[in-house]
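Student: Chains as they are written, first to last, in this note's numbering: chain A, -10 to 727; chain B, 14 to 217; chain C, 188 to 517.
Worth double-checking, as some hints may not be accurate.
What the hints assert, rightly or not - Pairwise CB distance ranges (calculated):
hint, chain 1, residue 1, chain 2, residue 2, range
1, C, 489, A, 174, 33 to 39 Å
2, C, 482, A, 81, 54 to 60 Å
3, A, 177, C, 444, 49 to 55 Å
4, C, 240, A, 50, 48 to 54 Å
5, C, 482, A, 141, 37 to 43 Å
6, C, 250, B, 69, 36 to 42 Å
Stated by the list, open to error - Footprint (simulated), chain C over chain A, 3 or more residues, beta carbon under 8 Å:
hint, region
7, 593 to 605
8, 647 to 656
If you're looking for bench data, these hints aren't it; they were derived computationally from the structure. Remember, it's a predicted structure, so these values are computed and weren't measured experimentally. Ideal placement from N, C-alpha and C gives every residue a C-beta, glycine not left out.
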Amino acid sequence: MAQDYTPVPAAKENMGQPIARYEALQKVTGAKIYADDLPVPGRPAYAWMVTSGIAKGRITSIDDSAALAVPGVQMVMTHENRPPLGDAKTFSSGGLAITELAPLAGPEVHHDGQPVALIVADTFEAAREASFKLKIAYTEDTPTATFGSPGATQKNLKEVNPSFEPIRFNDAGAALAGSAHTIDSEYYTPIQHHNAIELFSTTAYWDGPRLVLHEPSQFVWGLKNAAAEQLQTDSETVRIKSPFVGGAFGSKAAMTHRTALAAMASKQLGRPVKLVAMRDQGFTHSGHRQETRQRVRLGCDASGKLTGYDHTQWEFTARTTPYSNGGLEKTAAMYDFKAVKSDNYVVQGDRNVPTFMRSPAEVPTVYALEAAMNELAAEAGIDPVEFRKMNDTRVDPVKGVPYTSRSLNQCLDAAAERFGWSRRNPQPRSMRQGEWLIGWGCSMAMYPTQMSPSTARVTLKRNGTASIEVAAHDVGTGCYTIAAQAAGERLGIDPTRISVQMGDSRLPPGPVSGGSISTASVTSAVANACDRLNERLGLPADATADQRRAAIAAMSMPELDATGSWFPAELDQKAVDALYEGGVRIVGGSTDKRAMYAFGAEMVEVRINERTREVRVPRIVGAFAAGHIMNPRTAHSQYLGGLIWGIGSALHESTEIDHKRARYTNDNIAEYLIPVNADIGEVDIIMVPEVDDEINVLGVKGIGELANVGTPAAITDAIWHATGIRIRDLPVRIEKLL
Amino acid sequence: MADRSPSFDQVSRRGLIKGGVAGAAVTSVQAKAQVRGGAENTAAEPTVQRVPITLDINGQHRELTVDTRSTLLDVLRHDLELTGSKKGCDHGQCGACTVHLDGTRTLSCLTLAVQAEGKAVTTIEGLGSPDNLHPMQRAFVDNDAFQCGYCTPGQIMSGVACITEGHAGSDAEIREYMSGNLCRCAAYPNIVAAVKQARGEMEG
Amino acid sequence: MRPFHYDKPATATDAVTNFRPGAQYFAGGTTMVDLMKLDVMKPARLIDISGLEKGRYDFIKWSGKSLRIGALTPMTKLADDDKVRARVPMLSDALWLAASPQIRNMARIGGNVLQRTRCPYFRDTSYEQCNKRKPGSGCAALDGGVTRHHAVLGTSDKCIATYPGDFAQALVALDAVVEILGEDGPRSLRFADLHVLPEARPDRETTLAPSDLIIAFSIEDADFPRSKYLKIRDRESYAYALASTASALRMDGNTIADVRLGLGGVATTPWRAREAEAALRGGPATEAQFARAADIAFAGASTTDENAFKVELGKRTMVRSLLETARMEG
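Can you make the complete structure from the sequences, with help from the hints?
Tutor: Take a look at the structure:
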């Protein structure tokens, strides 16, 4: 790490203060702030989920006698004896369930790791022991594992998602045919798993008809409604508690089988039940980033101006529920293309259902586009940074709508200056130090600015403090902190004097914590509540902090509260009402009115041992522009995490699948490799000032999913620069470079 | 220390005793329907052994009776309500359960509670409190060395040990000797900065 | 885990004389507890030897150029020992490049050499086929499984599971001897004879009797300041080797007087490349010679589509390790 590395940068232009996290002291002292740590009334029973060891087939018999004979075992629930359940709609059908398959629905097995039984015992050890003794017999059919496996079926995305439209903008084929330089490349991106360090847990207990669920969740209102629907109970009687989430990255947004399993078991036993899916079970429990194939044809004229862009994506998904990310409408908006064609297919097999994973659509599609941009720049003999700058656009070329703000070129300049990009010799294999080959590569990063309706209640107290209540979520993003900062600014109160409650479905509904929407959406609703309070205090919009403090001290009531709400310009009040039903409305990227994206530029140096070919990343520079930065401390950390995710995505992460058995084999975090501390060298983050007055109340863009987009393209380009070898399937493992 | 397999020939013989169902396993066996048995050992299988143990936890003398199978981590979390130590993998792969046993950083998920008998256990709760933070805890706050915070107790316990072991001499050494603690939010450079800050204070 | 009876004998003699069938010794527990949770190991008794005779088996003793190390010495202690690091860096490297600081604090060097494979089909009992777990059941890895991490040397048609450790490669290269306390009293065994190839019975990994307790390792000539352990892996730390080499050289002018080679990540057992050593002895320490020796070392390799790269990587790792060793101070 550079000696001048600054973990907590000072505020610059258009930034809030880098105050410490609201919950910092709790997190460093081991306070009980995560779902599985919360106390329950009475001694809980412990549940163990038993999952299938085959990917396709049918349970022919279950013998639970030995399992039930284990001292302390209270129940074995299987499809033969589970209570009735209602339907649960999946996310794409307006619900929250990860799969159309109900928990313990029947004897059919649709994927590896499908829950087939739940064992509940007085102790964790007894439950696990009983799982060894539960005898389940299957007949097994030949499963379809992945691309190229027998039985894989391909469909146009439009067949499973009627709202999908392939892009036909001018004649891409003709534009490519007339180009001075073209490339035609295929890329592969692997299966990845979120692997948050916090496991998937659910603790359930009933108080008469009332059900309390402690479950780490990215959407407590959604989970409350979805659980109620599945358990056929009134949503008003269900409460979700999830004060802080121990990492999610998309894996804790949907409702999995464990919620109903724990709730049913608790009801039957009349005591709290704690269910924790073990790490290996997590690989098949709550989705993954699906593997994709990408084919990109890209051309430019003799001067380097882009011409045609033709991109096809194939996503591998589940037979039961054809989840898809799509995303090619976003890559089509990135540069000044003259003609665009894109198609998207899903290929189905006997797999568990994929789900959102940090920048779901962007990671594979932008990797492919940016890798193609680097290849085309090399083909045309143009510096890849310059190539991007000269193809910048102020409008989404396909939709014809203007960007509310776009600072890609400023990011490229800032990163290039810090990195020393101008010293790059364009020739591959031109740099080395001893036996280490050195290469430099670059990429654009982008993420659509997305927003969702939100509400928030703010209470002012005469003693000069305030509180915020909103069922938003903190998955490590700093949401409590920035909500307090947003209110503090509006109310003239120091944010450390504002208490915040989140992660509880009894609070006014907030948005799903996904798609990087929380900061924009929650702060907008908080600001709205504060404006209402200020209005009731008779304060003008431009009141000074002193005037505000005086008005609060002079309040006739000890407390004054207001519930604010907000929705993005593309929606209306009905979207707020839908929040109370657990509904999700997200708008962003390119709408009919405007194009909303955050941008970044990433430059990376790799070192590759000439002989043994291990790849190391001694330094990476990322420059990002994302409107108003609420808190440079938490923003810096999100960018940092994103860049490191990008390194992991390029070099380490891949879930290996047994092609014969359609089962994940490295379903643990010793062999599913994420970067460790020793993998990370210098990380240099630049926050490029950007003002966007149009996008939302505070002018903020989501940043949590920005920095990990594009990084793999920068790294594969650096590897090419070091070795002359183009790798087009991720991750780049040693064997590909030998 | 001889981690040999138990006699597997016995297991397979056992497997033939009773027909009717296929053998079961951690996650139920991938079995064809032509039913090969998985009956339990009819010979004396050990019964659960519960033993009294004495632990010194965060300076407090605690006496309790534990199932010999219980790990120190589960006893901390389930029986002693010390939930600061985290279960991130239960197999010694993530470091979130790191505690100090007689001052040595140890994975509590791979330590049987009975093995901690008579030893001094220090968990994150015993390291410092919000109004009396250990220098490492303060350094983690100052350097934003966490995001979601779930790996943080293990990182902090590891960070303290990294210094007391004498492995915090350079950035490279800190990185290597903090690599047993995975951080999925990837706060690594900030963790290194925190260890450096605390090193200054701890070595005074 | 299944229930077991826990014993904590006071002395090694007690541990061995009271041993009963179905029991297992354990100290650090980093393999045992891991695999018991997976129901891969299911001992009826666990014999906790971690505190035998107050540290009597936790020692590092030099006598001239001979080194003797107690089996209950924690990996960390041996890795951090200054004299070991100076006189036989290969031993130290093989320890600190392994696992994580926490695991190295817990695991003792005796148990370390007996760690079990990471083959996913061995570690997950829901796979019906695993000759190592269930003799005669087949090998899922060879039957269309994922094999990128599997061995290319010392394999059989029954099993290709990789020996996962690092330290044992150094011990086998150094001609270490295993000191054992058995039911018939103490005896010793060449380390090279400790592990057995996965031929007819891949479940039998060592020549030890169940009640045999490893007491110490001794190395008659451990004076190899020009030695190292090079480990190539997918990430910089906390990962198993894809290929590794423990190499030691003694030079007589420009001629190789003695050379030792232990290979890891590529074989089913801690692998000594004896033919490669023989080809190098008496010759010059040149890259061409090293490359020729590497070809010899991997001549008998047997590969799958996924692990074929380990032959090339293994050779390159060996050559690099030898080149770097040759550059060290003798």
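Student: Are the hints correct? Go through all of them and say.
Tutor: Cross-check of the supplied hints:
1. C:489 to A:174: 33 to 39 Å: Since residue 489 of chain C and residue 174 of chain A have Cβ atoms about 35 Å apart, the given range 33 to 39 Å holds.
2. C:482 to A:81: 54 to 60 Å: The hint (54 to 60 Å, Cβ to Cβ) holds, given that residue 482 of chain C and residue 81 of chain A are roughly 56 Å apart.
3. A:177 to C:444: 49 to 55 Å: Cβ of residue 177 of chain A to Cβ of residue 444 of chain C: about 50 Å, so the range 49 to 55 Å holds.
4. C:240 to A:50: 48 to 54 Å: Roughly 52 Å apart at Cβ, these two residues keep to the hinted range, so it holds.
5. C:482 to A:141: 37 to 43 Å: 41 Å, holds
6. C:250 to B:69: 36 to 42 Å: Cβ of residue 250 of chain C to Cβ of residue 69 of chain B: about 39 Å, so the range 36 to 42 Å holds.
7. 593 to 605: holds (count 6)
8. 647 to 656: It holds, with 7 qualifying residues against the three required.
In terms of the numbered hints stated before, the structure departs from none.
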